[in-house]
Structures are given as C-alpha cells and as structure tokens.
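Protein chains: 2
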Amino acid sequence: MRRSAPNILFIMYDQLRFDYLSCAGHKTLETPNFDRVAARGVRFDRAYCQSPVCGSSRMSTYTGRYVSSHGAAFNNFPLKVGEHTMGDHLRAAGMGCWLIGKTHMKADAAGMERLGLAPDSVIGTRIGECGFDVWIRDDGLWAEGPKGFYDQKRSLYNEYLKSKGYTDHNPWHDHANAGIDDEGDIASGFLMMHADKPANVREEDSETPWLTDRTIDFIDAQKPDQPWCAHVSYIKPHWPYIVPAPYHNMYAKDDIQPVVRSQSERDKAHPIYDAYLAGKLSGAFSRDEVRETVIPAYMGLIKQCDDHLGRLLDHLDATGQADNTVIVLTSDHGDYMGDHWMGEKDFFHDPSVRVPLIIADPRAEADATRGTVSNALVEQIDLAATFVEMAGGEVADHILEGCSLVPLLRGDNVAWRDFAISEYDFSTSSMATRLGLAPRDCRLFMVVTERWKLIHAEGGFRPLLFDLVTDPKELVDLGDCTEQSDIIDELYAHLHQWSRRMSQRTTVSDAQILARRQGGSAQVGVLIGVYGDEEIPDEHLAAYRGKATPVEGS
Amino acid sequence: MRRSAPNILFIMYDQLRFDYLSCAGHKTLETPNFDRVAARGVRFDRAYCQSPVCGSSRMSTYTGRYVSSHGAAFNNFPLKVGEHTMGDHLRAAGMGCWLIGKTHMKADAAGMERLGLAPDSVIGTRIGECGFDVWIRDDGLWAEGPKGFYDQKRSLYNEYLKSKGYTDHNPWHDHANAGIDDEGDIASGFLMMHADKPANVREEDSETPWLTDRTIDFIDAQKPDQPWCAHVSYIKPHWPYIVPAPYHNMYAKDDIQPVVRSQSERDKAHPIYDAYLAGKLSGAFSRDEVRETVIPAYMGLIKQCDDHLGRLLDHLDATGQADNTVIVLTSDHGDYMGDHWMGEKDFFHDPSVRVPLIIADPRAEADATRGTVSNALVEQIDLAATFVEMAGGEVADHILEGCSLVPLLRGDNVAWRDFAISEYDFSTSSMATRLGLAPRDCRLFMVVTERWKLIHAEGGFRPLLFDLVTDPKELVDLGDCTEQSDIIDELYAHLHQWSRRMSQRTTVSDAQILARRQGGSAQVGVLIGVYGDEEIPDEHLAAYRGKATPVEGS
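Chains as they are written, first to last, in numbering that gives the first Met the number 0: chain A, 0 to 553; chain B, 0 to 553.
Keep in mind the hints are simulated off the structure, nothing from the lab.
Being a predicted model, the structure only gives us computed values, none of them experimental.
Heads up, some of the hints might be wrong.
All copies of an identical chain are treated as equivalent in the list; a pair is satisfied when it fits inside any one copy or across any two copies.
Unchecked claim - Derived SDA-like pairs: lysine to any residue, alpha-carbon spacing no greater than 25 Å straight-line:
#  : residue 1 : residue 2
1  : LYS105    : GLY115
2  : LYS146    : VAL523
3  : LYS546    : GLU364
4  : LYS26     : GLN225
5  : LYS105    : GLY81
6  : LYS222    : LEU311
7  : LYS146    : GLY528
8  : LYS267    : ASP440
9  : LYS152    : PHE217
10 : LYS105    : ASP266
11 : LYS105    : GLU288
12 : LYS252    : ASP181
13 : LYS105    : ARG39
14 : LYS302    : PRO549
15 : LYS279    : GLY115
16 : LYS302    : PRO245
Produce the entire structure from the sequences given, and follow the hints as far as they go.
Next comes the structure, spelled out in structure tokens:
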C-alpha cells in the first residue's frame, strides 16, 4: 500500500521505427495519440536499443543491463538463471510488475534444472517469464510449418479467435495474418506480395485490439491503492506485414517517404555491411515493388496501434487514472524498410537501432518538461532504473547499468552520458557463414556520440564511421578515412572504457563496500601487518594474550 | 565407472611464492617433494593467478573464468548463484569433485533466497560450497575478536585439537598459531614479532599434517573404479607466520634471499603504487627486522608443506595409485615478503601475482615432457578446462575461459595465448580511501606478455610498465616513458581485445550456434524476406496456402 508511487503503463511496440510517428516528423502518417502523449511528456529523440533485434534488445530492457552483461545475445538464447529483472527490482520496491503481451524471452531451462528450480513454482514461473508476473504472455508469432509451431507455448490469442468463431486450425495465420487471394485461397502475410490485402479478420478481433482489451481488463482489475507497472507489449507493427480493413488501404505508394540509400553505399561497402547486402532480406527490400507493397501496410499497422493507444488513454482518463499513471511508449528496435538497401533490423543505421521513446509523467514535478524533446543520449536500459526510482525504490546501480531518466523528466540540469552503446550478435546468421567467422567473432558493437557513430566488428575488420552532422542520413562510411583517425581513436576509447565496465560485481553494493572501508577485521581477531604489540590498542590486545598452556612435545 | 580417466589430486597452498621452491631456484630452501613432482611432470614457470588475493583468485580457479566474468572480485564478495564451477563441469563428465580444506568462498545467500534454494539441499550445499562436494571445509582462519569469530562456520580443526587434549577455547589461535613468550603468555602469531617462536602445538597436530591425514582418509575411502578430483587446499604458508618445531628454527637470517627493492621505486612511485607504499603492510615489511623474523618462519611453513606432500606422494606410491593419479601443485597467489617495499600480495609484481604450478600426469602420453619447464603464459583458469579434458569431458568453452593444458603436457606444438590477465579490486581498502576513489574506479588490470607487463588502473591514471627482459626484477616503471608508447598501445590493444571478450553468452554453445546457422525457420512456418510464392519450394508452400474461410465484416 504505497499510493505515493504512480502506476507505470509501459507500452512497447515491436519493430516500430523512431520516425514513423507524426510527432517525430513523419509527413504522411498521422499518429495523434502518440502525439498526445508526447505533448504531455518528453519525447526522447535519441534513444537507442541495446541490440537491434527483438530478443536481446528486450532482455536488456527487462534486466536494465547491456547485452554482453546478461549474455542473451540473440533471439532464443536463454536468459541465464540468476539475472535480476525489472520485476525483481520493482517488487523489492513494493510495486507489482505485470506482463501483457510479448517478451521474446527464452527461459534457461538447463540452468533451472541444474539448480533444481521447479518451472511451475512462483519463483520458477517468474524466472521463466523474465521476472514478470504474467497477465497475458503472447509473443505474437504462432507460425507453423512441417516441424510444428515456431512457438510451443499455448496460444491464448488463437484460443480467443476460435471462441469468436474462427474455426481454422491456426486462425492466427489463416485469418489475422493472411488475406484472401483472387482464387479464394489463403494469402499468407508471410509472402509480402499479399501486404496490400486486408487481413481476413474483423478489425476488433485482430491482435492489437485484442491485447488492448486485455490491458483494459488488467487496469480495471487493479486495486486503487496498489501501484502497478504493466508492460503492455504488442507484436505489431512487426511482420507479417498485413493489416485488417480499414487500415490496409489507408496509405498508398505516394504516402511513402523517400528511400534513403545511395549507389556508393553498395560500391564501397565494408565487408560486414556487404555480407548483409548479399542476404535475402536486402535483396527483397532493395526492390521498389516490395517497399511499395509493404510500407503502406506497415503504416496501416502503426495507425491501428495509434488508434488503440487512444482507447487506452481514453480509458485512463475516464477512470480517473490518467493523473497517477506514467505512460511510456517505445519499441524494441526499428525497421529498415529498404533504407540503406536493407530490410528488417539487425544493423546499426538509425532506422534500425534508434527507437521511439516518449514518457509522460502526470505528476507536478514533471511539469517543466511537458511537450519537450530531449536530445540526451538515452539507452533502453535506462527504463528499469527510471521505473525503480518512480516506484520509490533505491536503484541498485551495482546491477542496473542504465541511468534513471527521472532527472531529465524533471528538467534538472544533470551530467549525462557522452556515448551510447548497442551490440549485435550475428553468430547464427547466414552472414556468419558468408564471412566464414567463428561464433565468437560474430559480434558487433556500436558507439554513438552527439556527432559520431562508430561500428566495431570483431574478427579483424576496420570500423565503420558516420558523421551524423554532415551526413545525417548515414550514407558515407568514413571508417577507412585516415583524416578521421583521431575521431576513431576517441570512439574506440569510449568503447574500451565501456568494455572494462564493472558488470558482474552484482552481489555487493557500493554502500556495502564503503562500509567495509571502515575496516574492523581486528574486531574479529584478524591483524594484518602488525609486528609488535605496541602497535595495537590495549582493548584489542586481549584477544591475542592470556596465559599459555604449554604442550608436551611441541 | 570410467577408469579410463585418472584421479586428479589438485593441491593448492595459500600464499606460496612461485620462487620459494628449490626446483624454482630458491638457493637455501630445499623442497625435495615439490621437486619430485616437477621431475615427474611439467613445471609451468610463467603461471599467473587471476587476482592476487585469496578469494577472487580462487573463484577464478574454481569457475575457470576471469574475475570480471564471475564478479566475486574480492574476499567475501559472494559468488553469484548460477555461476558454473569446476565441480559442475567435472560431475557432468562423470568425475566427482571433492573439497578438502580451504576455498574462501562466500555463498550468495541473497541470491539463493531470491531463487528459493534451500542451503541444506544437495544442490544448495554445492552452490554454497562453490560446486564442491565437501569432505572437509576449513578456511584456516579461526581468528576471534571482540565481535566474535572471523569465520562463523563450525571449525573441524578446532574440534580436532580439542579431541587431542588442547582444552583452550580457541586452540587454533592459542596453540596452532601462537607460541609462548618469556613470561609464559600466549605469543600470538598475529604479532609478527613472535614468528621466530615455535608454535605451541605438537607438529603432528598442526594444520598441515591434520589436512594431510584427512586427505589420506579420503583417498583410502574411494572406490578403485571411480575416478575422483580432490581439491586439497592448505591454509599454509599463509599467515599467521608461525610454525611448530622443528620447522621454527630450520632457517635463519642468513638463509633469506636478498630483498628486491630500490629507493627509486619509492621516489618515482605511480600514485596507485604510492598508495600501497603508504599503507601499514608496506611499512611493516619495509623493516629488515620484520623480514628477518618472518621469512625464516615462512620458509619453515613451506618446508613443513613439502614434508607432508612427501607423505601424500608416498601414500599414493604405496597404494598403487601413483600411476593413475595426476598431481597438481599450485598456490592462489604469492607473498611480497618485503620485495618492492611491499607485504602480502594485492599488486602485480611477480612475487605476488606469479604462482607455482607443477603438473605431473603419470600416463604415457605425458612422457615427452617429464621433468621439463614450460614458459607458456598460463593462467589459473586453465586448470578447470584441463581437468575436464582429463576427465574425458567436453570443455564447455562458452563458459570456461581458460585453455586446457593437456596439449602442453603432451608436448604438442600448439598455438598458445600471447598475453595473460590478472585483476584486482581494492574498493574496500585503505588505498581507496587514500586515493579518494569511488568503488567502481578501484579496479586494476594487469596484462603480461612474454616480455612486457602493463598495469592499468581505472580512475584516470597513467599505466605502469615493466620490461621483464631488461628489468626482470621489475624495479623500473616505464609507464610514463614516451619512448615506450608503441609498446603501451600494443598492451592496451591486448587489454581491450580481452575486455570485449564474450564472457556471458553461457547458455548457448558454439555447436548449438553452428547448428542454428543451418536455418530451418521455414520448417516452423516463419518466412523472412520472401515476397512472392515462387521464391519458396512447393513443399514449404503448403503451410501458407489452403482454402480461405472468408470472415463476415472483415
């Protein structure tokens, strides 16, 4: 019972590009509800995910730690037992932490078995669900092939669809993520040629409204005196790129913003980038036909997200909770959509690694920043520390590697980081095969400062470098430019400072360490560096004196 | 039942300097039993501990991981739940892994509680004992002061002494680690002025023979067809520097080897080294009186260790087990003994960070190297990987950061590391207070190559640098010498390569990653980057096709 803390409605979209919102400058996509939150709070214009891919980005956000600190470096690499999560920190601060939607978390089943942890115990369940208490878990990918389902868990969404009369074996695919072709056949959203068709599902039964309804159920079930953090985590606008009517044809070819790419990017491609360009995704998204079919659907999916965000905001307003609920809107990474000849995410150009981040804190202490834009270099690991501070807890900064954003939300003038970091592990990918790299050399690091972005690849490659001031579209790689060697050295110095960070000393807090500096080993009988008894106070000497009992034969 | 593997008798002494053995060149201290093992095997002349202090050095040896990977960076910093240990790896390979003696491991009680692990379950006990099954746990420091015992556990050694008629409240202190002064009072070994007195204990009841007897009990209790690894871990020759007769006066002032120090070391001291020099330990061990009293006792303690090592070797010979038992002799770190004006350990000159390491493998495949000395840069984390290979297991190199020494023991011509690393965390120390450093800036890193040793300190200091070829005694710090800037850059490049290492991706093996490169997401229904249905094979297409069921209102 601590109504001094607000609720935190922590909404994450999946694969939502930072610049596909009208408040972030999109010219043809109106997102009035995102904008409404931005007007109430702060839009962080330079927020970076810690890895431009779902699983590892989320594991960083949920643990508040860099990818190479928690080790779950790619999708379905299990998060090891023992990692502390946002839920652990928040519950310790007296705030519940609930999941409604996707985490892409793979539990460390081997680690749990080694420690004898029952997966169905309260503790085991939380470990298996990345520290959340589960209202709804739905990762939103109920694909099925000859070897069965991609996701082995029970699909509550498929059960919902069936209860609504969608009788197919896998209505997630056959209805919510497919249209109908001219011959009356299923037109799967996995084939991007179908992205312009309406999904064969009633809009109100599609995933975004379904999860929104579950969120409203959750909000209505909470006790008014118990603050909560709810992680509402939508699968959309992630692929399959297909959306129900009326969103499927709200946007047309003419609404697409100009592609950002140049022939010289291909001609002078760094070997790592070149390996991406040789891949299937790059091939597809370099075709105008693909972009022109997919992007309007992607925009429609975002528009649908915006509309249902409006429903959530209205519900908070209507139930009087808008005043004590912090709204957080973000994404796990972006989507290239053909920029830089790339599809999806997986590399470090802004369309992939930069994320939307809007935080509206309704409390008076945040009044000074309402409707402002912050250019601070923000990392998604900052969210966990932010939420702990909002919950009134103490930020365990020997575990959490991010910084609370609360001072920035208050408009306090605080020192802030000079650089942000993101990482990517492509060890399982076709790029790795193409480059002939061993699993541990398939690791990329991005360092970004106010002006520069450097990408380092293990395995003996030169870095890539972009000047974000003279080349904001990141079309000119200066990584082999000797004139920039001082800048490259400076960015490497940042990377190395970061690499040497203390990430694993998580069992002892700084306060405990400072207390130990007071010494006191003499209090438990240990003297170090003492020669004569005149060197120690009389009251300590007693422990080392007394009448001896001579031993025969010694 | 896999008698194909040998037993491993893994003996660790505590604070035994690398060069206080006759086989390592000591001129006055004869250690025929260490030499006997060296004659049967390989003496690694350039072995380094991963941190020159008991607790963190051992946590690295027992996990096979660097200090900044496991995070237990100083004495009594708990080893976090979830870290894999030598015992976990060996048991998985079918070999038991037993503890007889000291580990200096502090269990992560908070972590265990958070995971609901009962400390008295089999799993909980192993986690609490650093992965060992315990034959005897005795950390050898039963000091007691006004606030009670330094070590809260039950002291089996004190119980043993009491059973032998030593009736004092704490015979560990009053007998085994104290003499008698001229007035018949207890002369505590914690006061180094008493180091020349015989301990008031029968030699056969002192700690080294006691633990040797327990080891013989262990060996005799084992089944012949079940190979074992026994970590026999003596507290000696660690302080209190006092030893029973006849060892207490075997060595005199004239037997002490010349001190290694120079006035210019003090005059030009790097700020970190200077902070050490300002401490109590340095003050004590800079006095000749202290060295001349302590070093003969230290040598006596080592001589006693050597004699009891002889008993163990004889017992293996007598019971026919010498032929199937690998002998490993090492220490957790060294002891400055006044060299470089320093006492104890805690910094990176050779007397502190270099450790003795002798491995004798009786099997025919090691015949080629018997009696040889290896100059390979060896790290103590190599031992875990070595033992797993000897046990016939597969080295989990996504977890274990060391390299198996088996190829070196066979004389195989293998590529080996170019540099070794050691770390030190002085965040709890008086040096930290003296330097005014925050806990996370109190971290030191050593990089050593064949020729050079660089020490990096966080917190904005220049490095220290020693040329081990022109200055093998490490008396001249070249860290501010501009002529060496290329060397310094090169050593920093090593440090940074190491800092970026992959240390936490421990839930996925390289083999699992390589298997995932084969793809197969289409087998579970996920298509990425596919536009038209002509791009996928017909047998996969079925998953995305079929007659659609049109939905009313969609």
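Using 25 Å as the alpha-carbon threshold, which applies to LYS105 and GLY115: within, between, both, or neither? both (18 Å within a copy, 21 Å between copies)
Give the relationship of LYS279 and GLY115 under a CA distance limit of 25 Å: within one copy only, between copies only, both, or neither. neither (43 Å within a copy, 47 Å between copies)
With identical chains treated as interchangeable, where does the CA-CA distance between LYS105 and GLU288 reach 25 Å or less: within a copy, between copies, both, or neither? neither (36 Å within a copy, 62 Å between copies)
Please sort LYS146 with VAL523 into within, between, both or neither, judging by C-alpha distance up to 25 Å. Cα proximity of LYS146 and VAL523: across copies only (5 Å, versus 63 Å in one copy).
Intra- versus inter-subunit Cα pairing at 25 Å for LYS152 with PHE217: within (22 Å within a copy, 49 Å between copies)
Given identical chains, is LYS252 near ASP181, meaning Cα to Cα at most 25 Å, within a copy, between copies, both, or neither? Within one copy only: 22 Å inside, 101 Å across.
At most 25 Å between alpha carbons: which applies to LYS146 and GLY528, within, between, both or neither? between (68 Å within a copy, 20 Å between copies)
Within, between, both or neither: how does the pair LYS302, PRO245 come out at a Cα-Cα threshold of 25 Å? Within one copy only: 10 Å inside a chain, 88 Å across chains, cut-off 25 Å.
How do LYS26 and GLN225 come out at 25 Å by Cα distance, when the copy is not named: within, between, both, or neither? Neither: 41 Å inside a chain and 74 Å across chains, both beyond 25 Å.
With identical chains treated as interchangeable, where does the CA-CA distance between LYS222 and LEU311 reach 25 Å or less: within a copy, between copies, both, or neither? This pair counts as within: shortest intra-copy Cα distance 18 Å, inter-copy 68 Å.
With identical chains treated as interchangeable, where does the CA-CA distance between LYS105 and ARG39 reach 25 Å or less: within a copy, between copies, both, or neither? neither (35 Å within a copy, 49 Å between copies)
Which holds for LYS546 with GLU364 at a C-alpha limit of 25 Å: within a copy, between copies, both or neither? neither (67 Å within a copy, 58 Å between copies)
When each numbered hint is compared with the structure, violations occur for hints 3, 4, 10, 11, 13, 15.
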